[in-house]
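Chain A is fixed; fit chains B, C, D, E, F, G and H onto it per the hints.
Residue numbers (the working numbering), protein chains in the order written: chain A, 360 to 585; chain B, 360 to 585; chain C, 360 to 585; chain D, 360 to 585; chain E, 360 to 585; chain F, 360 to 585; chain G, 360 to 585; chain H, 360 to 585.
Errors might be hidden in some of the hints.
What the hints assert, rightly or not - Lysine to aspartate or glutamate pairs mimicking EDC-like chemistry, simulated, CA-CA at most 20 Å apart:
1) 488/A / 367/C
2) 488/F / 477/F
3) 488/C / 389/E
No wet-lab data here; the hints were simulated from the structure. If you're wondering where the values come from, they're calculated on a predicted model, not measured in any experiment.
Protein chains: 8
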Amino acid sequence: MNDTLNLDFDRHRRQGFPEVVLGLGKTVTEVVRAATHLLEAHGQVLVTRATPEALAALGAAFPLGVCHQRSHCFSLGNPAATLGPVAVVSAGTADEPVAEEASVTLAARGVRVERFHDSGVAGIHRIMKHLDAIRQCVAVIVVAGMDGALPSVVGGLIDIPLIACPTSIGYGVATGGHTALNTMLASCAAGVTVVNIDNGFGAGFAAATIARVVHRHDVHRHHTKS
Amino acid sequence: MNDTLNLDFDRHRRQGFPEVVLGLGKTVTEVVRAATHLLEAHGQVLVTRATPEALAALGAAFPLGVCHQRSHCFSLGNPAATLGPVAVVSAGTADEPVAEEASVTLAARGVRVERFHDSGVAGIHRIMKHLDAIRQCVAVIVVAGMDGALPSVVGGLIDIPLIACPTSIGYGVATGGHTALNTMLASCAAGVTVVNIDNGFGAGFAAATIARVVHRHDVHRHHTKS
Amino acid sequence: MNDTLNLDFDRHRRQGFPEVVLGLGKTVTEVVRAATHLLEAHGQVLVTRATPEALAALGAAFPLGVCHQRSHCFSLGNPAATLGPVAVVSAGTADEPVAEEASVTLAARGVRVERFHDSGVAGIHRIMKHLDAIRQCVAVIVVAGMDGALPSVVGGLIDIPLIACPTSIGYGVATGGHTALNTMLASCAAGVTVVNIDNGFGAGFAAATIARVVHRHDVHRHHTKS
Amino acid sequence: MNDTLNLDFDRHRRQGFPEVVLGLGKTVTEVVRAATHLLEAHGQVLVTRATPEALAALGAAFPLGVCHQRSHCFSLGNPAATLGPVAVVSAGTADEPVAEEASVTLAARGVRVERFHDSGVAGIHRIMKHLDAIRQCVAVIVVAGMDGALPSVVGGLIDIPLIACPTSIGYGVATGGHTALNTMLASCAAGVTVVNIDNGFGAGFAAATIARVVHRHDVHRHHTKS
Amino acid sequence: MNDTLNLDFDRHRRQGFPEVVLGLGKTVTEVVRAATHLLEAHGQVLVTRATPEALAALGAAFPLGVCHQRSHCFSLGNPAATLGPVAVVSAGTADEPVAEEASVTLAARGVRVERFHDSGVAGIHRIMKHLDAIRQCVAVIVVAGMDGALPSVVGGLIDIPLIACPTSIGYGVATGGHTALNTMLASCAAGVTVVNIDNGFGAGFAAATIARVVHRHDVHRHHTKS
Amino acid sequence: MNDTLNLDFDRHRRQGFPEVVLGLGKTVTEVVRAATHLLEAHGQVLVTRATPEALAALGAAFPLGVCHQRSHCFSLGNPAATLGPVAVVSAGTADEPVAEEASVTLAARGVRVERFHDSGVAGIHRIMKHLDAIRQCVAVIVVAGMDGALPSVVGGLIDIPLIACPTSIGYGVATGGHTALNTMLASCAAGVTVVNIDNGFGAGFAAATIARVVHRHDVHRHHTKS
Amino acid sequence: MNDTLNLDFDRHRRQGFPEVVLGLGKTVTEVVRAATHLLEAHGQVLVTRATPEALAALGAAFPLGVCHQRSHCFSLGNPAATLGPVAVVSAGTADEPVAEEASVTLAARGVRVERFHDSGVAGIHRIMKHLDAIRQCVAVIVVAGMDGALPSVVGGLIDIPLIACPTSIGYGVATGGHTALNTMLASCAAGVTVVNIDNGFGAGFAAATIARVVHRHDVHRHHTKS
Amino acid sequence: MNDTLNLDFDRHRRQGFPEVVLGLGKTVTEVVRAATHLLEAHGQVLVTRATPEALAALGAAFPLGVCHQRSHCFSLGNPAATLGPVAVVSAGTADEPVAEEASVTLAARGVRVERFHDSGVAGIHRIMKHLDAIRQCVAVIVVAGMDGALPSVVGGLIDIPLIACPTSIGYGVATGGHTALNTMLASCAAGVTVVNIDNGFGAGFAAATIARVVHRHDVHRHHTKS
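Same shape as in the complex, but just chain A (with noise of 0.2 Å):
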């Protein structure tokens, strides 16, 4: 089996930040050797969509790491938590595996978070109350199931970028996540983006990179000025 595995060691020099093991489809073997190769070559490790037995595999491999049960990731050496903040919230309790998702991803490339639990449309006044601190982070991921319809919402009242991640909690039409990514994708608030349903992992991602970029710049600049 060793020859089927084809790291991409050189994903840190290119997008700044290690691969990453997507545990769907693999076996736990390759689960565990993929995250042994990739921490002796950048000393730290995220896996995400590991299933219970590559979690318990994990755990007993690298007893250091920590195992993040309710949203099947696992990560170990995260750097300080020098960017951000950025904000994560999510609609309902259902929610949380994909917020959590979010970030553990956020924490894994040293972005610090502020979380706010159920905060859906149905009772929008649980939201209201949070946009001030909302809108001191340096963007903000709003997880939500269902109807979708929190970041149409939060999107019309905040002027950070908003990445809407839409979760599959539903049932009849809101099949498997697809209502919510459509609310989403048609939001009638301007410049909310877009990941996959049950993405927390791609909607922090992308959230990192913007702390990213904000800090690279405010470094940069800083020097120049300097």
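Same frame as chain A, now just chains B, C, D, E, F, G and H:
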């Protein structure tokens, strides 16, 4: 062609309202003939989804009637507006024709209408200021295209029946109103009911039926108690 | 986990009914904790879409409550049934769980329910004999899967609000209830409104809101006139 | 262009009926040439889905033929109507063109037709009064758009073959006839069979094949017994 | 639970065949009780889509009945096979269960069946050799999954009614039988009619209705002529 | 018609940018009136998705404005380009109008734009030579139709925020841009975010928001440190 | 506009064939300019999906070229037909334009074409008589719309590469070619490969690539062996 | 059950390769019996999509055969690898099973295989370094899930036949491989042909047919020239 017209003159007895002429797929001649027969039988007629040619022919045939150009309706012989009121809220300017079809239908059934324009969620303060007025109505119709998020927001703030009417306004993933429809059906706000895309008539008819049942029970109990 | 629970205790004021616990995607612990908090605040609780484990835990925690096994609901502290009545019609035996969810929701809001079973269009005489009883109600909920044709037939014969609730019963083109849903939305009968697939709760909540607005206006006018 | 026409003159032997010219996607010249060749070979021709230009050209080329403007068909040389009868029921005025295509096809195959117009489920008494007449036929075609509910109702009340033909009439979720199609395929009434959307020709051809097999076996047994 | 069973004992009079028990979504108790009542009323019963548990319970309750394990059917009290014959052609081995459901239904309605196995288009000579035998039947059912191409080929070669029955066999774009269904509905062969995916019962019931109308007219004319 | 215009003059305060006029579904009169009011309030206006008639009317009403014919936009009163730069990459010539809409939006928000044309993956060397220039920007917008593969390739090679914008260019399975959209959402490259099909405005607005947050933090920290 | 044209002159080296001009979404000016540049560089040009206006402009600009009106192509400077032959089979008259696009593409790449018209499965003897001729080719393209069943039949009878090309011909469930496409992808015949709907160019290009690889290896081995 | 097995022993003559046993939907007994019969007739057998139970039974019945666990295949009696070579490229680790099915099929047809693993577009340098090796093959199979972008990139860089094989790997909008499939069909790279989702067998069979036609013409011309 006479043989293909089989009107349902009995509907007034069963549903309390004469048959309505749906212009869709009918020739101008068929529309005018159906309108003539219904007008003779009931002294009132409502035509929906009439082509411009059919509207012109109806206007010529029945000078006392009203051609509603934007909503492609024709009405004549409306009863006095003794029921309601019902609120009709529209999210954007482009949703006006569907909201007008709902309003025309309500008027044709004798229901008073309160209209609230341009109240989309991207600027949520616009609907907030009208909530008290909406709460005084016996029902509210919320018309929205694109993300269809408005009923979720309104539905969480009121305690009267809310009928959501999606419109085909939008592009890309809006897919002719299917996203707005699905958002409304998957709404986090409890008790939202929904009609077909662009079906202002259906929304108006349903709200009028609520208005009538409110009125009937009121009268009935009043009589019983007297 | 305490930090992820942000209940909407204000909903009773806005919507006239406490927040309902949607079991979908929540852990047993989260469901029980939410039920406990709401019960303390309002003296009443309704849980829908509870897993068997959650139902068992609720039953153990609140021995006075009722576990509705077929509809996966739990209710406790229902008010007296002073509103309505609302008719609940189901097309086939397999549609019973959804009809029961609607009935449980109506009871939780203080509405009297009239149930009509096994009344599908393949044997249309079965519903015909109940039409007069249905016409005495303030609203009717029609629950059907497969072809979803029943609301079109019933809707053409009555003059009270009809809320159609599609179910996921069927196979092949029934596609988990989407065909029944679309049939109901495209119904030839005027004024049918629709809720999400298997959303007996939504249908019951909407019908209860109609029952309440009927009651409120009755009381209001009665007072005014006195 | 002569090389691209490869007519199936053998079809009459295999299927008992000459090849029919489907106008869809053919140029006027191709349609007229195909009609000419088939007419020469069989003394009869049926053209379906002809453009207005093709209809005009056919009328000019074959003055004895009949142009069916509403259904876009052209027929010439029909045999005597010795088979059937077959009932053709249509739900609404807008479904007439498809019902006419079915009727024209039946006539072209020598089948007697009984037509029942405007018999949609929103006023179900309209079809009820014709049930005895329908039961006398060898088969019934039911043509309906929008919710497509009519075949489910009729199918539960008769014991002859029922062929359901959906039409593209409707808007929004009707999606060009797909909802009516799916409703018919998911029908609760046993034994309903279905053809493509707007395929009046297919419905007529199938019913004519039933009529012929009824006739053939009758003649065959009669001869055997004599 | 007794109140939820509202059997249609009148169906035999209307459709010439007792109500059939659709096992889908029913509990074992409901299935057995429905079978018991129908058996008492008509001396015959057919159950389709029974779970293994329901099949076992039926077998225990009615030892004289037949459990058709592959097609999940149960039948008891079939009439003598005096109608037909009807041909049942299946494309592949995996389509057998659906073809068997059709055959069981035909037998339950007193129709003789001719079975042709494993006759897919990838080896078209396999069906060619049976064409003459098929042409002797009053109708043919063609069962196929994957590309669903078999009915188009057979339909162009015969002159008896052809009922196409798609199956859910396949993967990827086969999408649970929708591709086979659509192929059959869009068939180039004239007069093919179609039933829902995996609906062997519907195909059998429709073919039996054809067989009965053939028989009835034969008897009727014979009597008239005598 | 005056009553139907309810502009959101407060948006500038909340989102740092005045309301934009979406021409879709609005009459020419409504577009011009909205533009007039916004121009008066903010000294700047941007109109998107204007019909040719609306563009002509805007050009006549405001001779100092710019009509962007290919992207159906109108802009007037742009601020100086002090933010950015943002790269806008388009895959093919046919994607130019959407890329132009993005560029016009960026300019209207005071962001400098770097444009890279005709850089599709079928000739991947064309984008490779521009990677260093792209890496100097604060964000990159990648516009592509058909297979939508370009963002996956670019996304794996850079470390700045990438906003993917699908276009409706293509035929068959391209289905009006849905395939490009889904490809982008399912991208193997981490952190790609996506906007609706043909939504150049949304992509531009989101990138401008990133540019502004980069600028704001830079200024803020600079001030703090000074 | 000059800046938006970034032609891929290197493609000839990589793919052995110059870039082809896809007319879709390009202006007439852009099409003619691209054709001019490619003609100068390679002495040959092929344009596909040209509008009638673009075809006229190309014909005027390059009088030696050939305008293929039915397939909307323009070709000039074809090499001698030294490769192949490749068979191009079309199911119906309406599929001719797509088959012609494939043939034009093959000719532009120097491949000899054998054309077989009007060979649909409804009259299967029409293709049977040509099987021996098809087997002599290096590959076969099968073009079909509606049910798309022809490749399954042909594919089971030959042993050369078969490229299936679905067309958008049909109505209702044919859904613009998606049913034919899916049928071909789900084909029971082993080894069928498929291109996009109406993509005669792609089918021709792929078959030409096969013809070239056959030729190259032949030449190569011949040289090696000499 | 013996009657339901109708194997196509003639296929070897028509297609140059014996019938392959598709395990999908077959019982273990049916799979083993089909394998036995084919092995007796041809001395070779290939089984695809076998369940673990069927694989175990095949391994027990034919100890000389090879069980390919990851791709659910069984092969025995492969001919010598005298054709090809064909390159098989896979994008990610999770795509390995499908790539293996393609490789097993190629080997069963006597084709030499070159495998390239883990070459997705997110790290495009990984495939770039293998391009020269790929160009030496007679065809290339590219296996990819998620965004399915790899064939577009590879297709633009080579001049041999490319068969794209989408996999069901991914989540959300990947929708079981449909997005990868559509991306490949809409590919900007000319001449890409595509097989069904997860259809490694089909891709391998098609590539083997190309390899054979290359070989046959080589031999044929060689003989002719000698």
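Going straight from one Cα to the other, do residue 488/A and residue 367/C come out at no more than 20 Å? holds, 13 Å
Holds or violated: are the alpha carbons of residue 488/F and residue 477/F at most 20 Å from each other? Judged against 20 Å, a Cα distance of about 13 Å means the pair holds.
Is the Cα-Cα distance between residue 488/C and residue 389/E 20 Å or less? Distance ~24 Å between residue 488/C and residue 389/E Cα, so the pair is violated.
When held up to the earlier numbered hints, the structure conflicts with hint 3 and nothing else.
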